[in-house]
Amino acid sequence: MGAVSATEQERSVGHGEVILDVENLVKYFPLRRGIGQSLRREPERAVKAVDGVSFNVKKGELFGVVGESGCGKTTMGRTILRLLEPTAGRVTFEDIEVTALSVEQLKQLRTRMQIIFQDPYESMNPRLDVHRIIAEPLRIQGMVSNSKDAIPYIEKALEDVEMTPPEEYLYRYPHELSGGQRQRIAVARALVLNPEFIVADEPVSMLDVSIRGEILNLMLNLSRERGVTFLYITHDLATARHICDRIAVMYLGKMVEKGPTDSLVKHPLHPYTRALIGAVFVPDPKRKGFGKVLKGEVPSPVDPPSGCRLHPRCPIAQDICKEVEPELVSADDNHMVACHFALG
Amino acid sequence: MALLEVRDLKMYYKTLRGHVKAVDSVSFDIERGKALGIAGESGCGKTSMAVTVLRLLPSNGKIHGGSVKLDGVDIVKLDDEEFRKSIRWKKISMVFQGAMNALNPVHRVGDQIVEAILAHEDVSHQEAVTRAEELLDMVGINPKRYKEYPHEFSGGMKQRVVIAMALACNPDVIIADEPTTALDVMVQSQVLKAMEDLRKRLDLSMILITHDLSVIAQTCDNIAIMYAGKIVEYGNVIDVFDHPTHPYGMGLVKSFPNIKAERTRVRSLPGFPPNLLAPPKGCRFHPRCPLAGDICMEEEPELIEIGSNSHKVACHKVDMLERGVDIWEQ
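Chains A and S are the protein sequences, given in the same order. Residues in the first sequence are numbered from 1 upward in steps of one, following the working numbering. Residues in the second sequence are numbered from 1 upward in steps of one, following the working numbering.
For reference, chain A alone in the conformation it holds in the complex (with noise of 0.2 Å):
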C-alpha cells in the first residue's frame, strides 16, 4: 500500500466526460391518509426523501455523498438505479435516459450500472455458497448457462477483489467468513458483469475500522486502474475525505453544497457542512473540545421548513431563509452551494 498523493488521484482523473448526470430527481414517499383524513379530503401527504437534486458524476470518478440519517442519500442511490422509481427528475447514463427504459431496457443496463449495499451480514443469501451468490447476476442476465461456465469469470471477480486463490474461496459459505472478505464478495459480485459504474451505500459502516482501509482502497485502486465510476454514499466525512475525488452535502433531501474534496472540507461554504465538519471527531487528544454544531435536530422530511430547510437550526439565518429557497451557485470552479448568505 504506497501512498498516493493527493495531487497524483486528483490528476488521474482531470475533466473527464460525464458518466451520470442527474437531473432534478424527486422521490416521495406518499403516506397513507386515514378514513377520516380522505373523507375530510385532507390533502395527501408524503415524505420528501429526495427533493430536487442534480448533478453529475464523470467517467473513472469517485463521488461522495454525505449526509446524517434521513437526508435521502440511500433513497437517491437507489432512485438513480430505478430500484425504486423516481417521482419526478431525470436520470442520464452516457447517452441512455434510465428513467425512461422499459423494464427489459432496464434489465440490460443493469451489466452496466450496479450496487453494493451497507451490510455485508444481510444482503447474501445464507444458503449460497460464493460461487453461486457471485453466479447469480450472470445467471440473470442469461451470460452464462451453468454454474460450470460461470467459473472463470467468478475466480477473475475474486482476483478483482484481491480474494486468492479464488479457488479456496468458491465453494465457502458467508457464514465461514469475516466481515471484510464477506463486502469483498458483494464487491466482486457487483463486478462481475463488469459495470463501468457502482453505487456503493454505507459499504464499510458495519466493518471495523482496522479493515475498512481494505475495502476503500479496493473501490479507489478499481476506479483508477479499471476506470469504474463510483458513487459513494456514506455518514462519514472522514472517509469520503480520503478516497473522493469530489463530495455532495445532503440535508433534508436536497444538496447543499458540492464540489473537489479538498475545497469542500478545508474551506467548507455552507452553515451545514461547516457544522458537520466541525462535529467530526479527529483521532487526536490535543484538540480537545467539542466544535461548534447545530442546534436541535433534523426535522421531519413530511413537513420540510419553508424557504431554505437549514433556517430554523442555522446560527446566520435571516428572513430571507425562511421564503426563499437558495439554489445551488458556483462560488468558484466546480465548489457549489445553496445559501442566501455563504458567499459573503
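Each hint should be verified, as a subset may be incorrect.
Keeping only pairs whose Cα atoms sit at most 25 Å apart, straight-line, the calculated DSS-like set for lysine-lysine is [as the list claims (entries may be wrong)]: (1) S:K317 to A:K286; (2) S:K34 to A:K288; (3) S:K147 to S:K200; (4) S:K281 to A:K266; (5) A:K286 to S:K254; (6) A:K266 to S:K260; (7) S:K200 to A:K288; (8) A:K295 to S:K200.
It is worth saying that the hints were derived from the structure and are not from the lab.
Since the structure of chain A is provided, determine the placement of chain S on it from the hints.
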C-alpha cells in the same frame, strides 16, 4: 489509591466447544473524576469486560479470578444480593449500547427512570418522580416530556434518557458502552458534550467503551487498547496517540481516518482477530504482526511500562520498536 482497581480479571464464557476467554487477565486503574477509554475491534472483549465489572453476566459467563476493588473493597467477593443492593447502580452504573433498544417502548420515559430509582433507593414515589424530573433536566431534556413514550423521542434524546437513568442513584463510576455509535455525528457531538459536562460537574469516573478512537481521543484521559481479551497497550491519550507502540495499537491508531489531516490512503490492518475458543499461543497478535519472531509464538508478553507516565505495552519486540518508526509502512 485509585477509585477503581481492576487486577487480573478473568471472565470466560462456557460453550459446548470449550471456554471462550473473553476477558483474560485484564488490569487497570481509574482515578476519581477521570475517564478511561477502552478501544478494540469487535469481539475483543470490551463489552464483556464491562459486564464483568458490573456482574451482569449471562448464565454461561463466569469470573475465573482476579479482583475489582472499589474504594479498596473487592466487589468480586460480595454475594449477589449485596452487590445488587450496594454496588450496582449506586456506585457503578452503565449506559448501554443502542439506546433504541434499551428503553421499554410501552412505558413512559419518566416512569422508567422512576423504576430505576425505586429499585435501588428507599424513597417515596413522589420523591422519585421529582428526582427523575431533575435528571431529565440535567441531561438537557425538558422535564415536561416526562410522560412521553420512547417513540416520541429522537435517537439522541433516547440516549440522554439512558444517561439520566445511569445517573439516577448518584454513582461514582459510569460505564458507557458505545454510547453514541448508532447516532449521527452532530447528535453524537451533542450527547458526548452533555456527558462530558455532567462528568465534570459531578466528578464522575467513566469507562468509555468504543471502537471509535476519535471519541476516546477527544473525551478521555487514558486509553486501553484491547486485543483478543487482553489489554495490549495502555497509557495517557496523548502518549498513546502520539507514540502508539504496540504493533496492534499502532496499526489501529494509524488506520483511523482523520478529516483534519492531509489526504492519504486509508490504511488497514491485514488479517482478522482470532477465535477466542482457541487463541494463538504466545502473543495473541503474532499471526498478524509484521515483527513476530519465535519468542512471540511461544511466550505471552507481559504488559510492561515503557518510558514514563505509565505508558504500558505488552510486546516482546518493544526494544525494536523505536518510538516513531512506523512498522506498518509498506
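A quick look at each hint next to the structure:
1. S:K317 to A:K286: violated, 28 Å
2. S:K34 to A:K288: holds, 15 Å
3. S:K147 to S:K200: Not satisfied, since the Cα-Cα distance of roughly 29 Å exceeds 25 Å.
4. S:K281 to A:K266: Since the Cα atoms of K281 (chain S) and K266 (chain A) sit roughly 47 Å apart, the hinted pair is violated (cutoff 25 Å).
5. A:K286 to S:K254: holds, 16 Å
6. A:K266 to S:K260: holds, 8 Å
7. S:K200 to A:K288: holds, 14 Å
8. A:K295 to S:K200: Status holds; Cα separation ~22 Å.
In this structure, the earlier hints numbered 1, 3 and 4 are contradicted, and the remaining ones agree with it.
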